[in-house]
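Listed below are the residues making up each chain.
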Amino acid sequence: MAEKRNKLLPLTETTFYILLALRKPGHGYQIMQTVEELSGGGVRIAAGTMYGALENLSKQKLIAATPSDDPRRKTFQITALGAEVLDLDLGRLRQMIEAARKEGAES
Amino acid sequence: MTKFRIFISFEKEEAWLREMAQKGWRFTGRGTFLEDYQFEKAEPRDLNIRVDYRYIPADSDFSEYLQLLADSGWNHIYGGNTGAKYFASASGDAEEELFSDNASKAGRYRRQSKNAAICFLIFFPLMLYTFRDLIMTLLRNPGELFRNPSLLWNDVHIIAGLAFLANLVIVGLWLYSAIGSYLEGKKLKAKG
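Protein sequences appear in the order of chains A and B.
Position one of the first sequence corresponds to residue 1 (this note's numbering), numbered consecutively onward.
Position one of the second sequence corresponds to residue 1 (this note's numbering), numbered consecutively onward.
This is chain A alone, in the form it adopts within the complex:
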């Protein structure tokens, strides 16, 4: 199981921000907006890319559809596995920043 999780790392920028956004439930377009906000406008996910990413992440069980009162839009939320993978990636990023700091490479 641990191996399976490690296979998903490192997360792509797109996946990282989608998982981060889905700690609160949201549908595709909301996620696109949240990601743009969270990344300071740096990451803009196009609609086709978003649809494919939601499909993939659902298949990998990192996110799951969640009931909502909007019948026209599928709403998703991060799963326990997704939260764990996001946490592992955060640890990995922290480690990288820490290493850079130690080496004095951090501006």
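Where hints are given, some of them may not hold.
DSSO-like mimics (lysine-lysine), calculated; alpha carbons at most 27 Å apart, straight line [said to hold, decoys possible]: (1) B/K189 with A/K61; (2) B/K191 with A/K59; (3) B/K191 with B/K12.
Hints listed in this document are in silico derivations from the structure and should not be mistaken for laboratory results.
The hints should help you fit chain B onto chain A, whose structure is shown.
Same frame as chain A, but now just chain B:
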């Protein structure tokens, strides 16, 4: 107006549909049988048309898919659960695309390649079986056919021959699309 075009490259297809709109031909859809492109006369305008290619079996999933695209500013022009789907940008932003990274751009080609490969693998053996008599005649004695081509012109053979040629073209196009799309996808994937 109807036009016949065959594209492997989605980028070229998109650019062509846009050019047609600039010339005053609004794209309305594809023919169901020959997959021709259909246009209506309209005011010349700059229209950013983009293509997605995927299979969404369930109608409920498909309507959620269309909703996501509509929310993001894409008007659905044409395309159902299978194959190519055409969208026009509502914002008029010329640079706006359906895919924002090379991995998902490659995915579009991978799905097109897979679909063409499946069609080829189903219909190629079927074609060989259907035209086995004709193929055997051709293979058994090609020299005889050169000396006496009228062998091919008797009633039975000419109909079978034309059908065979039509089938050969269609099956050949699928193989061409399967390989071409696969290579395009690989190129994009390598870009990362």
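Comparing the hints with the structure gives:
With a C-alpha separation of about 24 Å, the suggested pair B/K189 and A/K61 falls inside the 27 Å cut-off, and the hint holds. Taking the CA atoms of B/K191 and A/K59, the gap is near 25 Å; set against the 27 Å cutoff, the hint holds. A C-alpha spacing of about 19 Å is found between B/K191 and B/K12, which places the hinted pair at or below 27 Å, so the restraint holds.
Of the numbered hints listed earlier, not one is contradicted by the structure.
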